[in-house]
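Kindly generate the complete structure, drawing on both the sequences and the hints.
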Amino acid sequence: MVLRDCRPGSHVRLSGLIGSHPQRRRLLELGFVPGAVIQVIGRGAVGGLVVGVDDARLALDARTGGSMVVEPIA
Amino acid sequence: MAVGTRRRPAPCCPPAEAPTAWRDRTGLSARIALVGNPNVGKSTLFNALTGAQQHVGNWPGKTVHVATGTLQLPGAAAPAQLIDLPGTYSLVPRSPDEALVRDVLVDRSGSDRLDLVIVVVDAANLARNLYLLAQVLDTGIPVVAALTMLDVAVTRGLDLDARRLGELLGVPVVPVRPRARGGLPELTDAIERAVATSGRPRRALPIAPLGADIEQALGKLIDRITERSAGLQPVSPRWMALELVAADDGVAPPEAAADLMLQLRPDADRVRADLAGRLAASADGLLAGAAELADLADTARADDLDGDIATAVAERRYEWVHHIVAAVVHRPAGQRPTVSDRVDQVLTSRWLGVPIFLAVMWGVFVATTRLATPLQHGLAAVVDGPVSGSVRYLLERVHSDQSWLAGLLLDGLINGVGQLLTFVPLMVVMFALLAVLEDSGYMARGAFVADRFLRLLGLPGRAFLPLIVGFGCNVPAIAGTRILSDARHRLMTSLLVPFVTCSARLTVYVLLANVFFGAHAGTVVFGMYVLSIALVVLIGLALRHSIFRHHPREPLVLELPPYRMPTLSVVGRQTWQRTKGFLRTAGGIIVVTVTAVWLLMSIPLAGASGGFGHVDVEHSLYGGVSRVVSPVFAPAGFDDWHATGALVTGFVAKEAVISTFAQTYGAQKPGDLHQAGDLGTQLRASFDRAAGGHAVPAVLAFMVFLLAYTPCMATVAAQRAEIGGRWTAFGIGMQLTVAWVLAVVVFQVGRLLT
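Chains A and B supply the protein sequences, listed in that same order.
Under the working numbering, the first sequence has 52 at position 51, and the numbering climbs by one with no breaks.
Under the working numbering, the second sequence has 1084 at position 360, and the numbering climbs by one with no breaks.
Hints are computed from structural coordinates only; laboratory data are not their basis.
It should be emphasised that the depicted structure is a prediction, and the values quoted were computed from it without experimental measurement.
Note that beta-carbon positions come from the ideal geometry of N, C-alpha and C, so glycine has one too.
Take these hints with a grain of salt, some might be off.
[To be verified] One-sided and incomplete, this derived list gives chain A residues near chain B with beta-carbon spacing under 10 Å:
| hint | residue |
| --- | --- |
| 1 | GLY10 |
| 2 | LEU18 |
| 3 | GLU30 |
| 4 | GLY49 |
| 5 | ILE74 |
Below, the structure is given as C-alpha cells:
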C-alpha cells in the first residue's frame, strides 16, 4: 500500500521510499525514514495530501504520496 | 520546488549595498550565525538580540538576502557580529538559500570562520529541529541551542525538560521567548561562555552518534581525510566523510567532494589547485573508503527496502533524535487533533480548498486596489495642493514663478515625488497583507492548493499571489515575489508580472474601446484580460522551456506551519522594512524619469516658437522624439506621433497616457472615459489616417502593444530592486519584442479581415 491510498484520519507506518524521487534525501531528512509513523490529516483537490510526521505537518503532492510504501498500524 | 515555507521577515536590499560589512572582522569580537528550520522564530530572535543594529542585504555574490547585526556581549571589549542565515531543514542544500547556510557553516578559511552557531530549536517540533542540530554538530563548530515556541508546545500539552535536553545534547540549551524578550539575558550569557571557550582545544566535541557499525567505518574514512588534507585546514573531517558517503545517488563521492571543496574555497587559488590534485590522487582511496562503508551499512541493513547509506544515516540520526525526544518530552495520553489540523481539514480540503483560496486571492486583490485608493488620492491631493502651492508661492515671492526653475521644481521634481508617493499606500497595503498571510500560516496552505496549476509553468503555488496582485498594480506585485524563497522563482515571476494587465492600463482600454467599438467596448476590454492571462501562460511556458529549462522540477513537499494569530509587531516591522526598501531602491528612478519627461517636453526643437518651458508639445524635443520613433509602428498601423507620444509617456506611467493624448491633440482630458468627445473624434481621425482606413485593427494593435510592453518606470524600478539591472533590461527587451510582434500580427491579420 502507498501513502496516497490512505484515508484521512488513519495512522500508518512507513516501510520505505520507492522510485527515484528527486527529493528522496530531503524526505528522509524531514523524518520520512523507514519505521516513521505517519498520520494522514487531509486530502487536497488533485491528489495532494496533508500528513503529520513527528510534530510537523507537511503537504505532499500525489507523486510524493505515491512513492511512500506504508503499512497500516493495527 | 524545494521545501520551503514562509520566508523569514526579510530584508530587502539593493545588491550593491552589501559590500564589505560581512567579511570585515575588524572591531568584532566574534562571528556568530543563527541557524534553524523555517518558521521557528529565528528572525524574531535575531531582531530581539540585535535591536536596531542591523544591516540587511544580499550576501556577496549571491541573490540570497541575509541580515547581519551586532550583539554586545557583557564581558567582551568589542561587539560580536550576528548573522541571520536563511531558514533550512538540512545542511545538504536543495536551494541557493540553503546552500549559503552550508557554505557559511563549513567555510573554515581565515576571517570567514564562525566562532559559534546558535541553533534555533522549535520546542513544538523538536524531532526535526534536532535533526538539523545534529548536522550542525557534525561541522565541528561550537553550538548553543535557543529553544523557542515553548508556549505552543505547552498548549499542545507537551511537557519539555530543557535542562535534561542540554545534558543529552552536550550543548547549552536556553529557552527563549523572543517576542516578549524572555530568556535573552540567559542566552547572551550562554553565548558569551561558549565564545570565550570556542578557541580552546577540547577533548571531544559533542556529536550525534550514528551507531557502532557506521561510526567504525566512518572513523576509517575520517582518518583518511585527515591524513590527506593535512595543513589545508579543511572543514570538519567528520562532516566531509558524511558528505562523501551519503552523497546523492548518481554522484560519485570524490567528484562531489572536489566540487564541494572548490565551491567552499573559491578565494584560495593555491589551495584549490593543491586540493584538486590531492583529491584526484586520493580518489581511489576515498572511493574504497566509501565503498567499504556502504558495504558495511548494506550488510547491517540487508532487510531494508532502501538499503543505501543516505537512508541509513538519516535513519540513525532520527534514532538518536527520537531517543532524546522520548527522554525530554512528556506527551499527554490520547492526543486529540490540534486546532491547526481541524482548520486544515477545511482550508485544504478537496472541495473547499480551491474556492477558499480564490476568495482569499480576491480579497488581496480588492484590498490592494480599493483600500489604497483613498490614501493615494489623499497623498496626491497634498502634493498637488499645499506642497505645490507653497513652492509656487515661494517662487512668486522671488519673482521666478515663470522660470525654468519653477517648471523643474513643480512639473518635474514635485510631480515625480508625488507619483512615487502614490505608490506608497499600495506598497504598504500589499506588504502588510503579505505579512499577515505569512505570519498566520495561510500562505503555505494557499501554495499547496494552487501548486498544481502553477506547476505547469514550473512555478510554486505561492507565485499565484504576485500574479493576482498584478491585476491591480504590477509594482507591489513584483515586490511581492519576495514570498518565493527561491531566487530563480522570483526571477521568473518578476519577468511574467508585467504581462498581467494592471488597472492603469484598464483606463486606456476603456477610453479607446468606447471611442472605437461603442456597444462592443465591454467585450473588447474583457478580451484584453483574456489576452493578458494567455500571455502570462504562454510566455511562462516559453521561458520554462528556454532559459529556465535547467530548473529542477520538483514534486511538492511543503511544511505547513501551525496557524497563528498574526502579531502587529511582526506585520508592522516587515511592512516597514519592505516599504523602506522599495522607496530606497525604486524612488530615485521614478523621480528622475518624471523629471526627464518634463525636460523633454520643455526643450523646444530648432525653429519652434516659444523658449524653454514655453513650447507646445508638438514642437518640443518630446514631439520630435515621438516623430522619430513613430515609423517603427508603421507595420502595426499606428505610425502617428500622437500615438507614439502616448506610448512614450506610457513607458513612464500608464496613468499618463490619456492626459498625453489630450495634451498632444490640444484637447480637454475627458472627465468621463465613456464620453471622449472631441478627443474621440481626433483619435478616430488620426488612427484612420495612420492605418490607411483600417482604424479598427490599428487601434486593436495599439491596445495589444499597450498591454504587453513595459508597464511603467515604477515597475522597472521594482524589478531592478528584485532581480537586478541585467534581468530587468532583458525583461524590457522581451516586453517590447512581444508587444511589437503581437501588434504587427494583430494589425496585419485584422487588415486582411476588414
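Taking the hints in turn, this is what the structure says about them:
1. GLY10: At about 9 Å, which falls below the 10 Å cut-off, the nearest Cβ of chain B leaves the hint on GLY10 of chain A intact, so it holds.
2. LEU18: holds, 6 Å
3. GLU30: holds, 4 Å
4. GLY49: For GLY49 of chain A, the interface hint holds, since the closest Cβ of chain B sits about 6 Å away, which is under 10 Å.
5. ILE74: Constraint on ILE74 of chain A not satisfied, violated at 15 Å.
In the structure shown, a violation is registered for the earlier hint numbered 5 alone.
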